[in-house]
Amino acid sequence: MTSAQKRDPALAGYWQSPWPCEDGGPRRAQAPASDFALAVGPGEKLAAHSRNIMVACMTILREPGEVYVQGHVGGIGVDATSWVERIDPESLAPLKKSPPLPAGPFWPGGVAAHANGSLYVTFGRYCHRLDPDCQPVAERELPRNRAYNSLIILPDGHLIMKDFAGGQGAQALADG
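Residue numbers (the working numbering): 4 to 179.
Misleading hints may appear alongside valid ones.
[Claimed, not checked] Ranges between beta-carbon positions, derived for each pair:
1) Ala-51 x Arg-10: 22 to 32 Å
2) Pro-158 x Ser-53: 33 to 43 Å
3) Glu-93 x Arg-147: 38 to 48 Å
4) Leu-49 x Ile-79: 28 to 38 Å
Because the hints were derived from the structure by calculation, they are not lab data.
Just so it is clear, CB atoms sit at the ideal spot from N, CA and C, and this is done for glycine as well.
Please take these sequences and the hints and turn them into a complete structure.
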């Protein structure tokens, strides 16, 4: 049985990689989305690299060798911006970087690799579509002026996001 045959049907809307989104997929299994293995052979050693990145929140994989990091500038109580970098998988050096992406109300958000090849970033009250070189293709301001918590991609490719419930006065959500 191949990786494609083993692949969870819930991942049909995601790029076929071992880690296309937060928690490895919409089921939040926190496990690779295929039969991915490190395949360390006899006599081989693993090495660790590090890089200081201010407020990096999430890392995903697309094609082999394509590693993306999503992060932000700003925080609670101020309007923030998000960013995405494509990094070298060994040195962690940035290869491509998005411009600052408008966000609005703060929450770390998330990034996902879609089956159509695009990267989608939900951060604050915006969803941004980026190409594989981290350049914006489209953006959508989401309907509520509050932070949205990441996103999932349905098997048919549609995106789902939810805002944070709660608030007081005019910001309160109705019951139900």
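Which of the numbered hints are not met once you compare them with the structure shown? Violated: none.
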